[in-house]
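Colleague: Residue strings, one per chain:
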Amino acid sequence: MNAAPALNVFELPQALPLDSGQALDGAQIAYETYGELAADRSNAVLICHALTGDQYVASEHPVTGKPGWWERMVGPGKPIDTDRFYVICANVIGSCMGSTGPASTGPDGAPYAMRFPVITIRDMVRGLVALLDGLEIAQLHCVVGGSMGGMQALSLAANWPERAARVLVVASTARHSAQNIAFHEVGRQAIMADPAWGNGDYYASGASPDNGLAVARMAAHITYLSEEGLTEKFGRRLQDRSSKSFGFDADFQVESYLRYQGSGFTRRFDANSYLYITRAMDYFDLAEEHGGKLANAFAGSAARFCLVSFDTDWLYPTAESRHIVHALNAAGAKVSFVELTAPNGHDSFLLEHEQLDRVVRGFVD
Amino acid sequence: MKFYTPASTFGLRPDLAAIAKGVKPRSRVLDIGCGNGDLMDVLENDFSCDARGMELDAGLVEKCVARGLSVVQGDANADLADYPDGAFDYAILSQTLQTTSRPDLMLDQLLRVGRRAFVSFPNFAHWRTRKALVLGGRMPVTRALPVSWYETQNIHHVTVKDFRDLARAKGAVIERQWFFASSHAIAHFGANWRAEFAVFELSR
Chain F
1 MNAAPALNVF
11 ELPQALPLDS
21 GQALDGAQIA
31 YETYGELAAD
41 RSNAVLICHA
51 LTGDQYVASE
61 HPVTGKPGWW
71 ERMVGPGKPI
81 DTDRFYVICA
91 NVIGSCMGST
101 GPASTGPDGA
111 PYAMRFPVIT
121 IRDMVRGLVA
131 LLDGLEIAQL
141 HCVVGGSMGG
151 MQALSLAANW
161 PERAARVLVV
171 ASTARHSAQN
181 IAFHEVGRQA
191 IMADPAWGNG
201 DYYASGASPD
211 NGLAVARMAA
221 HITYLSEEGL
231 TEKFGRRLQD
241 RSSKSFGFDA
251 DFQVESYLRY
261 QGSGFTRRFD
271 ANSYLYITRA
281 MDYFDLAEEH
291 GGKLANAFAG
301 SAARFCLVSF
311 DTDWLYPTAE
321 SRHIVHALNA
331 AGAKVSFVEL
341 TAPNGHDSFL
351 LEHEQLDRVV
361 RGFVD
Chain P
1 MKFYTPASTF
11 GLRPDLAAIA
21 KGVKPRSRVL
31 DIGCGNGDLM
41 DVLENDFSCD
51 ARGMELDAGL
61 VEKCVARGLS
71 VVQGDANADL
81 ADYPDGAFDY
91 AILSQTLQTT
101 SRPDLMLDQL
111 LRVGRRAFVS
121 FPNFAHWRTR
131 KALVLGGRMP
141 VTRALPVSWY
151 ETQNIHHVTV
161 KDFRDLARAK
171 GAVIERQWFF
181 ASSHAIAHFG
191 ANWRAEFAVF
201 ELSR
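First to last, the protein sequences are chains F and P.
All letters in the first sequence, in the order written, are residues 1 to 365 by the numbering used here.
All letters in the second sequence, in the order written, are residues 1 to 204 by the numbering used here.
Hints listed in this document are in silico derivations from the structure and should not be mistaken for laboratory results.
Just so it is clear, the structure is predicted and the values come from calculations on it, not from any experiment.
Some hints could be false.
[Unchecked claim] On the chain P side, residues computed to face chain F include the following (Cβ under 8 Å):
(1) Val-61
(2) Pro-84
(3) Met-139
(4) Trp-193
Think of the CB as a built atom: it goes at the ideal place given N, C-alpha and C, for glycine as much as any other residue.
Chain F on its own, in the form it takes in the complex (with noise of 0.2 Å):
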């Protein structure tokens, strides 16, 4: 993984509690802004990202050079747009895009690696939090967020619900399922069981556990796609052959596909950082923090929530929408909800889908 250099960079003035018990402290978090904060602050947008996602929602991606990974939505006249919004997106605490992470500088002078304290998706938010203290915004127009973001959101509206006049959770869970944890911990064993993990202490060997955490992000892809989707784009077709190996190498379009996927991946993103982020979603428990029940997590909430969710999404099914959906309606809340046909599954809502836009659009306005 390279380095990248962040430009935006809040320095948190205090330590960040963590759920832990433990704290954070000198800890940073890089963010992009996008359009003009109006006069009265009364614009902002917050998006929060997924798993491996970043603060370039909607600005070229300085490791990779691609656009930002979420530019269908956010830009000039696009659904979330930056002439009327000013679009806030910062990079979680424990990733590793320039926020502080299992990567960074300890206050020992050394890289925390496993001696960074385990953290939930509250503390990303807490950290966020700070953050929108720190560029002075009581409250955003709307939080919005997908996947491990939408998490975020529900986090963020559940514990400091004045912070928020709109919540929009895209493709998400209020907690997560033992077949979501069975997946990461297939990702995170793949990480430790690779020889160049030594323990999380790989900074200084100059060597990575990118093997492993390339199994890692293409057993974590295929729980992106859709049945469908894979047959449609790939088939049982053969990778640059007309007939099968009769050995190991990429035989089929769908392995190579694959592989390529987890080799890109290891050139932006830091192994420890797919630990603890994963961590954070599997500890995810929304009704747990509020007493066993959902409607708590959201009772007295005033802000205004919407829920979508994709049709051959396996890994957050519209089940764990209305999950969330019933809960609102059982606290009162102001919620809408709906689940949208898409052929490609749980990556849905980074892909190409109108009625998607028109809906981030009108609620969002």
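Fit chain P to the supplied structure of chain F, relying on the hints for placement.
Modeller: Just chain P now, with coordinates in the frame of chain F:
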């Protein structure tokens, strides 16, 4: 809140206009089968209500969300059970009762989640419907029921008398009722013959 003449329909279908005017301003309302949100929009903007909707069609939900309305995609037959008791001052079911799998259970749910309910439906005993069936000998296709028997979503046709019987059997009180023919309100006299559409306000 604005003021309107009694004849004002807010650009709504007559049964919806009757409901809009029947709802107390500033109340909490659930519109089941809210369609593109026309009634909700009037309730929120002209009557300062807190309106929520439920709609089966994702395309219509999207339109509602784009209008700033709070609408949940769902099937009232199953999903109404998720709402707490007495969560709303009014539950509204407009021209949807006859499409539900069990209208009797639907009525129970309406009066459970709402302290009062508005129900509107096409009256199958209207003279045009009777004439089409008696003289034509075929399932009626009329102005009020324009879809053929094999395509219609109306699986439980109901008459004004049937509805009154059901309300009585459920112990519901008919607070008010409105009848319409040719898009105009008509007198209650002979409603089961004369009304194309009926609207009832119920309480329990």
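Colleague: All hints are to be evaluated individually against the structure, with a verdict given for each.
Modeller: Hints and how they fare:
Satisfaction of the interface hint for P/Val-61 is found here, the shortest Cβ-Cβ separation to chain F being roughly 4 Å, below the 8 Å cut-off. Among the interface hints, the one on P/Pro-84 holds; its C-beta lies about 5 Å from the nearest C-beta in chain F, closer than the 8 Å criterion. Hint status for P/Met-139 relative to chain F: violated, with the closest Cβ pair at about 33 Å, above 8 Å. At its closest, the beta carbon of P/Trp-193 sits 41 Å from a beta carbon of chain F; the interface hint therefore is violated under the 8 Å criterion.
When held up to the earlier numbered hints, the structure conflicts with 3 and 4 and fits the remainder.
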